[in-house]
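S.K.: The primary structure of each chain is shown beneath.
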Amino acid sequence: MLDNILSILIFFPALAAILGFVVDKNSIRTYGVAVATIEFALSLLLWFFFDNSASGMQFMEHIALVPVFGINYIVGVDGISLFIIILAAFFTMIGIASLTDTKNVKNMIITLLFLQMTMVGVFASLDAIVFYVFWELSLVPMLYIIGAWGGPLRIYASVKFFLYTFAGSLVMLVGILVMAYLYYQTTGQWSFAILDWHRLVLPENYQLWLFVAFFFGFAIKVPMFPFHTWLPYAHGQAPTIGSVILAAILLKMGTYAFVRFSLPMFPDASVYFMFPIAILAIIMIIYTAMVAYAQKDIKQLVAYSSVSHMGVIILGTFALNIEGISGSIFLMIAHGVVSGALFFLVGVIYDRRNTKLMSEFGGLAHVMPRFATIFGIMIMASVGMPLTINFVGEFLSLLGFYQQSHILTIIAGIAIIVGAIYMLSAYKKMFFGKVTKEENKNLPDVNKRELIALVPLVIITIWLGIYPKPVLGPISNSVESLVSLMHEKAVTKEAKARIPNPSTLIIRTTAQEAY
Amino acid sequence: MEIGLNHYLVLSTILFSIGLIGVMRRKNLLMLFFATEILLNSVNISFAAISHYNGDLTGQMFAFFVIAIAASEVAVGLGLLILWHKRHNNIDLDSMSTMRG
Amino acid sequence: MEMFLYIALFAPLVGSMFAALFSAKPKTLIAGIIPSALLFVSFIASSILLVYVLQTGSSIHVEMMTWMATGELYIPFGFVVDQVSVTMMMVVTLVSTVVHVYAIGYMSHDKSFNRFFAWLSAFVFSMMILVMSDNFAGLFIGWEGVGLCSWGLIGFWYHKESATWAANEAFIMNRIADLGMLIGIFLIYWNTGTLQYDEAFAAMPALETDVLTWMGIFLFIGAMGKSAQFPLHTWLADAMEGPTPVSALIHAATMVTAGVYLIVRASPLYDLIPNVGLFIASLGAFVALFAASMALVNRDMKRIIAYSTLSQLGYMFAAAGLGAYWVALFHLMAHAFFKALLFLGAGNVMHAMKDELDPFKMGGLKKVMKGTFIMMTVASVALAGIFPLAGFFSKDLILEVAFIDNHYIIYSVLLFTAALTAFYSFRLVALIFHGEERYKLFGIDPHEAYKFMLVAMSPLLLLAVIAGVFKMTYFEMVTQVLPATEYHIDSPIVYWIITIGTQLLVGAAIFYAYKKYTSRDIKVPDGTSAMEKSFGYKLLSNQYYIPYIYEEFVAKPYGKISAFFWSEIDQKIIDASVDGIAKAFYNTGENTREMHSGNLSTMLKWMVAGTVGMLSLAVVFGLAARHSDGVASILSAIGVK
Amino acid sequence: MFEAIAFYLFSFLTISMFYITVTTSQALYALTALAAGMIFISAFFFILGADFLGAVQIMVYSGAVMALYAFGMMFFDTTREVKEKQGNRFVIVGLSLVAAVLIVVIFAAPIVTDNITALYPITEGVGNTQDIGMVLFTKYLVPFEVAAVMLLVAMISGIILAGKKMDLSLTLMDEDEIKEMKKEEENKKVLL
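Protein chains in written order, with our numbering: chain A, 507 to 1021; chain B, 1452 to 1552; chain C, 104 to 744; chain D, 6 to 197.
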C-alpha cells in the first residue's frame, strides 16, 4: 500500500465524490467528514513514512500513458511538496467539518472532494502534462464553488477567475510543448518527465523565452502584481469555504510551480529576471498593503493582505539561495494556515451579521471575547510576530533576499510596517471602542463547530512558530539539492556567481558542532 | 491640346465611379441595373480608347463581347425582376434577404 | 544553575498563562496573586543567579532547542546569564514584582482585572527573553514580544478611542524601528555567518569599518524606536493612556531601557566604530534637553514623568555613546528604581483625585497623603541627583564622563538639562503636595492608597536611596564583560568644583521651583495668562508640533495615497484594462455581426470595400516588389512571382 | 481642334446624363437619361475611329437594351417615388472613387508605360468594319458563336420568366385581389 500511497491520496477523494452522489442528503455531511478524515490520516501516514534526511523524490510511481510521446503518469513527493499536500488534506477536512448549512450541501461537498483530488494531484505530479491536467482541473470545482454558492456578483467573479487563469495557463502549455520539443531535439526521444527536464541544459536565450512563457501561467495564479485583480472579486464573492481553500492552497500552486519548474529548469533566466521580478514583488507587497488599508470590507482587506504576503513569498523564491527558497516554501505553508484561519474568522462574523463592512462592527471585544482573542492571535500571526508561523517564513525570505540586494530588501522590509498598519487599524475598527450598533449587542460567541476549525489552526500557528524544525528540516534538504542542481546547470558566469554552491557551505545542525 | 489616352482613362474612371455610386446607393433593383449598365459602358470606352491609341483591334473585339453579355444579362435580369415583383409587389433590395443565413 | 535560569525565565510565562485562563471571567483575586507570587519566585531565582555570577565570575550558557536551521543559518533558543544580563534581570524582576503587587490594589475595581495580569506577566516574560537570549534572533523575539505586550497594555481599556489609537501608534512606530533592527540582523548574519553574540562579536574586528558602521547605525535605529529617541518619540507620551502600573513598569523601567541594553550588549561592535558612538551620544544629549524642555510646561502629571524618562534615556544613550557602557547600565538600574517609584506615586495621587491628571487642580495633598508625599519627594530628589541618593552616583558620573572625554558641548547640555530636571520634578511635587488645596474647588476628597500598596513601593524607596552604595561591587562585576574604563578627573580641585557646582545649581533650581509653585496665588491657568500666549509656551506644550507634523504629513497622506491607489489604480487602470480586453473581444464580435446580416446593400458595400483592400495591397506589394528585393523574395516565397 | 471640343462636349454630357440616372428619384427620368448617355458613348466610339463599334452600341445597347428596360418598366409601378436609404454618403462616394482609380491604375499602368506590343495591329487604309470583320471571323470565331448561343438562351429565359400570368398586372389590382390571388396560389401549391 505504501509505494502507491500517492495515487491513493489523489484518486480516493474523487472516487468518494462519485460515491457521494448515492449518499442521501442529510447524511452527506458525516460522509464528507469521514472521507476527508481518512484522506488526512493517509497524508499523515505519508509524512510518517517520509524519510526526512533524503532530499530526492520519494514514493515515486510510474505508469506509461502515451509512451510514444513520453507522457507517463509520474508522481512523487519531496520536502517541497510534502507539507502542502498535508495542508490541502487538513484544510479540506476542517473545511467540511465546519461547513455551515448552505443550500444543497451535497453538491458542495462533492465539489470540495473533487477539488481536493486536483489539489493533491498538482503538488504530487512530476510529469508536465499530468501537472497541466490537474492544474486546469483545479479551476473547474473552484468555478462552481464561487459560481453557485457565491455572493451577488458571483457569475462575473467566477468567470473572470476561470478565464484569467486559463489564459495564463494556455501560455504555459505552449511553454511545456516547446520544452518537450527541445528535449526531443537534444536527446532524441520524447519525455515530459520533470526530472528529465531538470537535467536538460538549455542555451540562455531559449531559457529566457521559456521562462517568460511559464511566468505568465504562474504569475496569474500567484497572483502577481499586474494580474492580481481577479483575486479580490473571487474572494469577495466566494463562500467562506471557497475563499478558505482558494487562499490556503490554490494560491500556492503558482509559487510552488515557480520552485518546481522555473527555477531548476531555467537557472540563468531566473537570475536574469531576478531583479525585475523582485521589483514586481516589492510593488506587490507595498501597493496591495496600502490598498488593503483603504478597504471598507474586511474580506477584501484579507484578500489584498494575502496578495501582499505572496509578494514576500516570490521575493524569497527569487533569492536563489537555500535560506530564501526554504523560507518562501515555509511561508507558503504559513500563509496557507494564517490566511485560511482569517477567512474562517471572516466567515464566522459573516454568518452572524451577513455583512462584511467593518463600519458595521465596533467593540466586538466586549461581546465576543473568544472570537476577539483568536482574531487577535491571527492578526498578530499575519503581521509576522515572532514565535508565530509567519515570522519564520518572512524572516528567512527577507534574510535570503538580503544577500542578493540590500536596498531592495530594505524597501521590501517596509512590508512588516504596512502590514501592521492595515491589520491593526482593521482590528481597532472591528473590536475596540464602544458597541455602537444595536445588532452587535447580543452576537453569540464562537460556537463548537467553528472552534473545530479554528483551534487546530491556532495550535499549528504557535507550534510551528516555536519549533519549525520538523517542517523546515525536509524543506531545506530538498531545497539544498535544488540549489546545487541550479548551480551546476547555470550556463552564464553571472548565474554561477548569484546562485551559491551548497556543497561549499558548512551546514550545521547543532550548536555544539559549530564551536 | 491633343486628346491623349489619359483623357479617356480619366473619363472612364469618372463614369465607373458614378456607376459604382449608383450600385451601392440604390435600393430599387431596377435603378441598380441602370447603374451596372453605366459600369459596363465606362469599361467599353476605355477598351475602345486603348485599342485606338495602341493601334490594336483586340480592345474593340472585347467591347463587342461586353455588349453581347450586357444584353443577355439585362434580359435574364429583367425576367427575374418581374417574377420577384409579382411575388412581393416591390423590388426593394432590403426585402430580398430571405436567403439570410 | 540551569534550573534557576529556566525558573527565572518561565515563571512569568506560567503566571501569564494562569491569569489568561480567567481572562473572560470577572475579577478573581488569585488571578492577581499567583502571577505576582510567580514573579517573586523569578526574582529570587535571578538573585540566586546574581550571587552565583558575583562569586564565580563565570556566565551560564544553555541551549534549549533549535529554532531555525536552514542552509548555513542556525538559530537556537539559547540563553546566557552573564554579568550584564543578570543586572538587567534583577532590575526587571524586582520592578515588575513591585508593580504586580501594586497593581493588585490599583486595578482592584477594574472588571478585566485578570486580563491585565495576563498581559503584564506576558510582558515580563518577553522582557526576560530579550534580556537573556544569547543571539540576535532571540533578542528580536523579545523585542517584538515586548512591543506586542505594550500594544495590549496601552490599549487595555479598549473602550477608550484614544487608548486604542495610542496603542496602534506605539506598535506601528516600534515596527518602523524593528525594520531597522531586522536589517541590522541580516547585515550581521551575511557578514559574520552567525547570529550568536560571542561568535558574531569575535568575527567583527575582521570586517571593514563601513560595514560595521552600517551595522551600528541599523541596530541603533532599532534601539531608537524602542527607547523612543528623537524622531520616534511621540508614542511614549501618548502611551500614558494605559493604566499607571503599565507606565511604571513598561515606560519607565523595562521596555524603554531595552534600547540601552542593546547598545550595552553590542559594546564590542560600538567600540570598533567610535564615530557612531559620538552620534549616539550627541543625539542622546539632544533628546535629554528636548524632552526636559517639553516637561517644563506640560499640564498632565503622567506626561511630565514620561518626558523625564525620555530625558534620562537621553542621558543613558549619551553615556553609552561615549563608550561608558557600565555607567549607562548603572544609571539605567538606578533610574528604573526611582522612576518606577515616581510613577507609582503618581498612580496613588491619580486614584485619590478620581483620575484627575492636571497638577494645577491639586495642591496641599501632603496633609492627606503623607506616605505618597514622602516617596515622591525622595524619588524626585534622587532624580535631581542630590548627593546621598542614587541619582547623584549615576547621573553625575555621566557628567564626569562627558567632561573627561572633553566633549564640552555634551557636558554643558547635560548640565543644563540636570537643572531643568530638578526644576520640573519639583514643580510637579510642589504643585501636587504643597500650596493651597485647590482640589477643594472641584469637590474631591482624596484619601491615601491602600497600606499594602505603600509597603509594596517601599523596596523601590529603599533602593532609590542606597543604590549608590553598590557602585563599586557593581563596577567590578560588570566590567568583566564590558570595557573597564575608570572615570575620575585627575586634578582633585577641578573634581570638587564640578561636583559642588552641580549640586549648587540643582539646589538653586529646586529652591526656585519650590518658591514659585507653593505660593498662595496659583490659580488653575485657563489660557489667558501672558505666559500661555507666548510662542515658547505654545511650542513646548504642543511638543514642538511634531505629533501634528506626523499626523499631517505622514498619517493623512498615507491614508489618501492608499485610497487613491485603490480607487484609481486598482479599479480604473488594472481592473479596467483586464475587463477592457474582454470587452474588446465582445465588441469586435458585435460589430462584425452586421457583415452577414443578410442585407444585400451592406453586403455589397463590404464586397466593394474588400476588393478595394485587396487591390490596394496588390498595388503596394507590386510597387514594393519592384524596389526592394527582400519583399520580392517574400512574395516569391508565397508563390507570387 | 474639333476633336478636342467634341470630346469635352460629349464627356460633359455623358457624365451629367449618368449622374442624373444615378441620383434621380423618378424611374422614368433615370431610364431616359440612361438612354441619352448610351448615345453619347457611341459618339465617343466614332471619335475613336471604332465606327462599327459605335453603330453596334447604338443598335444593340441604346436600342435593344433600352427597349427591354422600357417594356420591363411597364410591369413595375414606376409612378411611386423611389425612396432611398441615405447611408452615409462619404463612405460610398469615397469607396467608389478609390475603387475606380485603383482598377484603372492597375489595368492601365502597363499600357500607359507602353511596354505592350499590339496583338492584332490595325491595318491602315482599310475601313474599320472590314478590319474588324477580318479579325472577328478568323481569330474570334468561336467566342462569336458562343456569344450567339448565349443570347439565344437569354432570350428564351426572358420569355419564360416574364411569361407567366402575363394577363394580370399587380399595379392595377387593389389589395384584396392580390390577397385572394395569393391564397389561390397557396392552395394550388398544396394540391400539387
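Among the clues, some could well be false.
Stated by the list, open to error - Among chain D residues calculated to face chain C with C-beta under 8 angstroms, some are:
no.: 1; residue: Leu14
no.: 2; residue: Leu18
no.: 3; residue: Ile25
no.: 4; residue: Val61
no.: 5; residue: Val65
no.: 6; residue: Leu100
no.: 7; residue: Ala104
Worth flagging that the hints you see were computed from the coordinates, not collected in a lab.
Computed from a prediction, not measured in an experiment: that's the story for all the values here.
Quick reminder that beta carbons are idealized off the backbone N, C-alpha and C, glycines included.
S.K.: Evaluate each hint against the coordinates.
M.R.: Structure-based check of each hint:
1. Look at Leu14 of chain D: its Cβ only gets to about 31 angstroms from chain C, farther than 8 angstroms, so that hint breaks.
2. Interface restraint check: Leu18 of chain D against chain C, minimum CB-CB distance 27 angstroms, threshold 8 angstroms, status violated.
3. For the restraint placing Ile25 of chain D at the interface with chain C, the shortest Cβ-Cβ distance is roughly 21 angstroms, beyond the 8 angstroms limit, so the hint is violated.
4. Look at Val61 of chain D: its Cβ only gets to about 29 angstroms from chain C, farther than 8 angstroms, so that hint breaks.
5. Checking Val65 of chain D against chain C by beta carbon gives a least distance of about 27 angstroms; that is not within 8 angstroms, so the hint is violated.
6. Given the 8 angstroms rule on beta carbons, the hint for Leu100 of chain D holds: about 5 angstroms separates it from the nearest Cβ of chain C.
7. Taking 8 angstroms as the C-beta contact cut-off toward chain C, the hint placing Ala104 of chain D at the interface holds, the least distance being around 5 angstroms.
Comparing the model with each earlier hint shows violations of hints 1, 2, 3, 4 and 5; every other hint is respected.
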